[in-house]
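Participant: Residues per chain, in single letters:
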Amino acid sequence: MPVDTKRVRGPDESQSPLLFVLPSTGKPECPQEGREDGRQRSQADVRPVFARCGLISQAKGSAYIEAGNTKLICSVYGPRETDRKDEVDMKSGRLVCDFRFAPFSCPKRGSWIQGSEEKALSLGLLESLLPAACLHKYPRSQIEVNVVALEHDGSVLAHAVTCASLALADAGIEMYDLVLGCALRQDGPSFLIDPTFAEESGAQSAGSGENQGRVTVALLPSLHQVSGLQSDGEMAEDTLVGAVKACIEGCQRLYPVIQQALARAVRRKAPPTAV
Amino acid sequence: MATVQISEAEKVYIVHGVRDDLRVDGRGCEDYRHMEIETDVVSNTDGSARVKLGYSDILVGIKAEIGRPRPMVPDEGFLEFFVDCSANATPEFEGRGGEDLGTEISNTLYKVFNNPHSVDLRALCISPKEHCWILYVDVLLLQCDGNLYDAISVAVKAALFNTRIPRVQISEDDEGTKEIELSDDPYDCMRLSVENVPCIVTLCKVGQRHIVDATLQEKACSKACLLLSVTSRGTVTCVRKIGGGSLDPESIFEMTETGKRVGKALQSPLMELLQKEESLGKKRQKVGFLG
Amino acid sequence: MSPKTLCVPGERLCSTEECVPGPGTYLRHGYIFASLAGYVLRKNAGEEMPVVSVVKESEAQLLPDVGATVTCKVEIYKSFRPGDIVLAKVISLGDVQSNYLLTTAENELGVVVAHSEAALCIPAGEQMVPISWCEMQCPRTHAKEFRKVARVQPEYLQA
Amino acid sequence: MAAGYNHSVEPLLKYRIRVKKENCRPDGRELGEFRTTTLNIGSVSTADGSALVKIGNTTIICGIKAELTAPPVDAPNKGYIVPNVDLPPLCSSRFRPGPPGEQAQAASQFIADVIESSQVIRREDICIEKGKLCWVLYCDIMCLDYDGNILDACIIALIAALKNVQLPEVNINTETELAEVNMKQKKHLNITKHPVGSSFAVFDDTIIIVDPTAEEEELSTGMITVVTDENEKLCAVHKPGGTALSGEKLQDCISRAITRNREVSKLINEVMQSAKLK
Amino acid sequence: NMAGLELLSDQGYRLDGRKPSELRKVQARMGVFAQGDGSAYIEQGNTKALAVVYGPHEVRGSRGKALHDRAVINCQFSMATFSTAERKRRPHGDRKSSEVSQHLKQTFEAAILTQLYPRSQIDIYVKILQSDGGNYSASVNAATLAVIDAGIPLRDYVCACSAGFVEDTPLADLCHAEEAGGGTVLSLALLPQGGQIALLQMDARLHQDHLDTLMEAAMTACRSLSTVLDRVVREHLQEVTTLTAE
Amino acid sequence: ETPHCLVHTMEVEESSTHPTTALREFGCEQNLLSRPDGSASFVQGDTSVLAGVYGPAEVKVSKEIYDRATMEVLIQPKVGLPAILSLSAGHTRFSLFYLCPVSLLLSRRYKASLCVSVCLCVQGPQLLACSLNAACMALMDAGLPMRCLFCGVTCAIDPEGHIHTDPTAAQERESRAVMTFAIDSAERRVMMSSTKGSFSVSELQQCIAVSQRASGKIFQFYRDSVSRRYSKML
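Chains L, G, X, Z, Y and E are the protein sequences, given in the same order.
Under my numbering, the first residue of the first sequence is numbered 769, with each subsequent residue one higher.
Under my numbering, the first residue of the second sequence is numbered 105, with each subsequent residue one higher.
Under my numbering, the first residue of the third sequence is numbered 1067, with each subsequent residue one higher.
Under my numbering, the first residue of the fourth sequence is numbered 302, with each subsequent residue one higher.
Under my numbering, the first residue of the fifth sequence is numbered 2, with each subsequent residue one higher.
Under my numbering, the first residue of the sixth sequence is numbered 61, with each subsequent residue one higher.
Hints are computed from structural coordinates only; laboratory data are not their basis.
This one's a predicted model, so the numbers in the text were calculated from it and none came from an experiment.
Fair warning: there could be bad hints in the mix.
Said to hold, decoys possible - Okay, derived cross-link-like pairs now, EDC-like style, lysine to aspartate or glutamate, Cα gap no bigger than 16 Å in a straight line:
| no. | chain 1 | residue 1 | chain 2 | residue 2 |
| --- | --- | --- | --- | --- |
| 1 | X | 1155 | X | 1114 |
| 2 | G | 215 | L | 781 |
| 3 | L | 1013 | G | 354 |
| 4 | L | 887 | G | 361 |
| 5 | L | 1013 | G | 179 |
| 6 | L | 1013 | G | 361 |
| 7 | G | 215 | L | 885 |
| 8 | Z | 433 | L | 885 |
| 9 | L | 1013 | G | 358 |
| 10 | Y | 97 | Y | 240 |
| 11 | G | 386 | G | 144 |
| 12 | Z | 379 | Z | 331 |
| 13 | E | 256 | Z | 417 |
| 14 | E | 277 | E | 85 |
| 15 | L | 887 | G | 354 |
As the list claims (entries may be wrong) - Computed beta-carbon distance windows for the label pairs:
| no. | chain 1 | residue 1 | chain 2 | residue 2 | range |
| --- | --- | --- | --- | --- | --- |
| 16 | E | 220 | Z | 507 | 31 to 41 Å |
| 17 | E | 85 | Y | 96 | 55 to 65 Å |
| 18 | Z | 395 | G | 174 | 37 to 47 Å |
| 19 | E | 134 | Y | 94 | 21 to 31 Å |
| 20 | G | 275 | Y | 197 | 32 to 42 Å |
| 21 | G | 276 | Z | 476 | 18 to 28 Å |
| 22 | X | 1078 | Z | 487 | 51 to 61 Å |
| 23 | Z | 400 | Y | 103 | 44 to 54 Å |
| 24 | E | 205 | L | 1038 | 32 to 42 Å |
| 25 | L | 1006 | G | 377 | 51 to 61 Å |
| 26 | Y | 198 | G | 174 | 18 to 28 Å |
| 27 | Z | 491 | E | 85 | 40 to 50 Å |
| 28 | G | 288 | Y | 181 | 17 to 27 Å |
| 29 | Z | 400 | G | 232 | 55 to 65 Å |
For each residue, glycine too, the CB sits at the ideal point set by N, CA and C.
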């Protein structure tokens, strides 16, 4: 292993105290009906979202989103001259996405070095945003989207997509539509929309070996197009279709909140009387 | 060649062809190209396979090594995927040029296998919390001619089928220190059940229709693809939208349906072929790269 | 025609039969959609149909359009020196390898602000004053230097 | 940052003339005036301790994660404190993705030095059993908005986050020799010193301003950071090159730093108090 | 020599039963891939290498790399992660494979008539699929066939072989166990017709008196390899001409 | 032409009036490398540093800054890759990066590139001070126009509150605080400061005063070695 000389180094190996917690006696019952935070199963019951634009003074556009305990911040820089001059297509702009977990954002401490999960999320973010951005309007240039997860409490990609599209709109990057994200955890016959970290990674409820999986959908709400779709686990085809439909519904639930956040940002930057 | 650029006229020609269910090479929308599969091609691995699909050429080698189980799942072994997009396939991959594609593919493979049924990971455990088998699944891209994911998934499945893991014996001495002994007999080994190992079907939306096993030219006409990994029972283990375009929900549902059908149909001839090849045993003429 | 209507990207503004699409909008299936978050503006420019556009705030565009006049930094001996602020016009986006192609071949284009080279003015060269269309002079050392001087139009200096 | 562009015509000169003439900075502050400082603690529940600090636009978040490890061989009765400062591309267009740049490295080293010099925590306090088990406190400091003077903000965030940390009780099982963690019994850390930093930007030794913005930092010809503790002792006088300063000017900076310490200590205490009430 | 006893039996046979000057079995095929301008596969015993050649084509990346009087030879040597007994973490980029890449480049700069293609670039990529000693040699031999397959003019075949020294006996074409034995290993790339040496490399020390014998052993091995390669090329040509004639 | 070398060492006597400004013997050799435009080695106590200056040279277009010279500072250990150096070596780099441009008299149009390369030959205490001195001598040797010279002085405060300039490794280990200053030759002001440990304001001011006094000796040493070198050349 190469030694990291650009950071203050700690011990070679350390373990989370959570691994040494004594198993508590009474196992908490797996709630079949409701969910831990009181939301309903198998309904488009998304967590209330708090969204704000324009928090980062240095960025062209920025957004902060909080859904339950999941907290994400995003900045957009550019359009500016592209780094990669060898890129084949100079007529269209480049979108660059960088997703990161803050080291303290997950139950287990993460490394500063971008891991493969972060790379996969960066790519998922990029593919979900690409269909919405009018990149042909920005020849020879690149637009950078940086997302940092400050706290990961489930559905992180879905909210990252929403957050990034808010920041892009705040930056005044031309877009065909906003992009909204919604995630789902399929648990046997029922599903949990916008799952928390525990619901996302938790064990299946008893007695249902089939149809366990996770789905994330990114939606262009007014054009009604799916710009991103990812799933894993094991699902029958009709379950999967149902899950995608539920996610689309979840995205639509989010739309008014995001519209309001954006309108607020527009009004703050230039009060209606000024125009 | 990971991607090609084609002219507008070519695009129109391909899109019109697909509309009439007639592709440039004469295939229908749901037909695969000719596929060649050979297992046991690299002798110093525990399992290997080579798959040729069109000119796409994939070599998979699997090595089993003894390691420590992950703390969260102490009674299971695990799989590690690595995809080497070698410069042999295209000069673009020279140096670190193939790394991004390599991580993208390996991340997808992790998702495809992220479920308890694809591979019996418990069988890979030697002694809980202490020792387990780690299967290093190394994918080597030798040539790219479109539809890498499908070819890679078939090659991985074939290589897993071919994998033989030595049997181990755990002996404990007086002080309680455990020692692992590998069986001396090369035929005394463990096989993996690949019954539930999924295969990937990538569907590309071209015009208003979707096609399987797209060539590079066809891929260039498509704005968005849908990747599905399907088991022999028709269960979907992973879905991913690939590419810079969007899809309307209806076509996603149609593509899922096609994907499931095609993926399911792909499985039994593949298993038959693998079993037939194995039944030849030592009599089989190994072709490798010399054929 | 209320200017106070807010919109977000992807909102349908009107059909093409009512309006002509302007900046900040795009066309799709015969309708005009917003591509920016901002205020909807409809302007009658004397033509038959009003132009509909979306404006954020008054903000200078950072990327030059072809034909637009830009201020940038260049270097060609005798006409320009590094650090000069030059008024130029973009004539092409250039190809993959090269950069933007600019021109100053107009009386109004050329060096706007320059600092003297002279060693006496260390560390910061004094800002020079133009004395002809091809020369500028340092007010402190009175040394003359060559520049392709622009006949500056006042509106460009406001920014 | 379209705004920054306009200044490039004659930035330094203009700035200097304006500050000299009006004794006032572009944002209306006086030379010795800090921007409004706000503090929020415990906002990240995945961290064992966290704090978010804003000095004007500059935003710094510090999250502390505690893990278990074996004590260092050369100091078997001590634990580890591992501070790292990250300046991600998120916070400003001047930073690129990838390994930490010069500035982030220098900041990490500086924070590590401040912890060591000021003895914020006695490293013996976080040792659980000599030579066997100790805590390692990963103090990850991340800049979310870079508008100058990150060092001051980093120190405040670090101290506030450390005060927010609660460590679970750990025992070593005498039979299995394995650690046993009791999440129900948690204890605060013993913070012995409260260092506070004050950064100054120097303009050719004629003007010294406190708490520079990113733009002022860029224009300045030198920077200096003075860290003091509550006993008016100095923990760091950090000046990486730049314009030279006389001893008297340095004394002015130190005096300002001492008053700043009182201001910030008061802020931290207030926020800690109100957090306890919740 | 401590490993000497095991490496050479009393009867004068090597670990795998070969005589000291005997080569391992060589099997090769040209034109294994449809894409790329030339390709070849070679097996030398258990060492298996694939080579692909692209070019001559325009210089990629920065144009500053182009040479005005000849072609740039660009080589990358890499090893499949499963090619060695213990799994490799990275296929290339480590010091060892960068060194072999550099040696390949030097070897083929000496062999290819680069002046015929000024301002252009020729890429040679070699992948070791299975490694059992003599990686460099197998790479050179595979690359030679691939270059010929690409129709790029060569001064001569470049044949490479390794040789080692055990108890005053020179051994040709070492396998992994013999290479790892700790003795001197000499790698030689030869243009056999004129007897010119394209590359010579030796690690560990050797008494000056032994150098000639060792060189001679390596050169003989290279010459016999060249006849094998020549046969492969002729057979391939035969095959191609009959195919095109049909 | 063989490079003109000059080895010069100086012993600073323990002066009874200022016992605290005692400096150990140090040595310096200028122009000992042929490749760089200027070079110097500086030996101070157990620490030895070699510095080379390359430039002014043409700048790479990609690294060009339109209104100033491009500075690059490299720190290398004597053996092995620079990657093995710890963060504290980065501190030396950081300091030099901000020090050199101030002391150099470069026109703002001076679009050249300058590279200062420092090789840590024997890594002892006071690496920072020693590196500063070596770099300054190398800049001088390169013949670059300079506004002023600079030198590095290290002081340590022991638990009893005594100040030691140029502390030994043992003194440094036992000390309560260690500070290193860079002092300019023109007005003896503080150009750079780096401290470890905690100390009072008066202790800081004392250390600065002591360092300023000590700097005089180092600047005299600079002068002596240069004048001796040129007297030989003429």
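Participant: If a hint holds in the structure, say so; if it does not, say that too.
Facilitator: Here is what the structure says about each hint:
no.: 1; hint: 1155/X with 1114/X; result: violated (33 Å)
no.: 2; hint: 215/G with 781/L; result: violated (28 Å)
no.: 3; hint: 1013/L with 354/G; result: holds (10 Å)
no.: 4; hint: 887/L with 361/G; result: violated (30 Å)
no.: 5; hint: 1013/L with 179/G; result: violated (36 Å)
no.: 6; hint: 1013/L with 361/G; result: holds (15 Å)
no.: 7; hint: 215/G with 885/L; result: holds (11 Å)
no.: 8; hint: 433/Z with 885/L; result: violated (33 Å)
no.: 9; hint: 1013/L with 358/G; result: holds (13 Å)
no.: 10; hint: 97/Y with 240/Y; result: violated (38 Å)
no.: 11; hint: 386/G with 144/G; result: holds (11 Å)
no.: 12; hint: 379/Z with 331/Z; result: violated (45 Å)
no.: 13; hint: 256/E with 417/Z; result: holds (8 Å)
no.: 14; hint: 277/E with 85/E; result: holds (11 Å)
no.: 15; hint: 887/L with 354/G; result: violated (29 Å)
no.: 16; hint: 220/E with 507/Z: 31 to 41 Å; result: holds (40 Å)
no.: 17; hint: 85/E with 96/Y: 55 to 65 Å; result: violated (42 Å)
no.: 18; hint: 395/Z with 174/G: 37 to 47 Å; result: holds (39 Å)
no.: 19; hint: 134/E with 94/Y: 21 to 31 Å; result: holds (23 Å)
no.: 20; hint: 275/G with 197/Y: 32 to 42 Å; result: violated (60 Å)
no.: 21; hint: 276/G with 476/Z: 18 to 28 Å; result: holds (19 Å)
no.: 22; hint: 1078/X with 487/Z: 51 to 61 Å; result: holds (55 Å)
no.: 23; hint: 400/Z with 103/Y: 44 to 54 Å; result: violated (26 Å)
no.: 24; hint: 205/E with 1038/L: 32 to 42 Å; result: violated (52 Å)
no.: 25; hint: 1006/L with 377/G: 51 to 61 Å; result: violated (30 Å)
no.: 26; hint: 198/Y with 174/G: 18 to 28 Å; result: violated (53 Å)
no.: 27; hint: 491/Z with 85/E: 40 to 50 Å; result: holds (46 Å)
no.: 28; hint: 288/G with 181/Y: 17 to 27 Å; result: holds (23 Å)
no.: 29; hint: 400/Z with 232/G: 55 to 65 Å; result: violated (38 Å)
Checked against the numbered hints above, the structure violates hints 1, 2, 4, 5, 8, 10, 12, 15, 17, 20, 23, 24, 25, 26 and 29; every other hint is satisfied.
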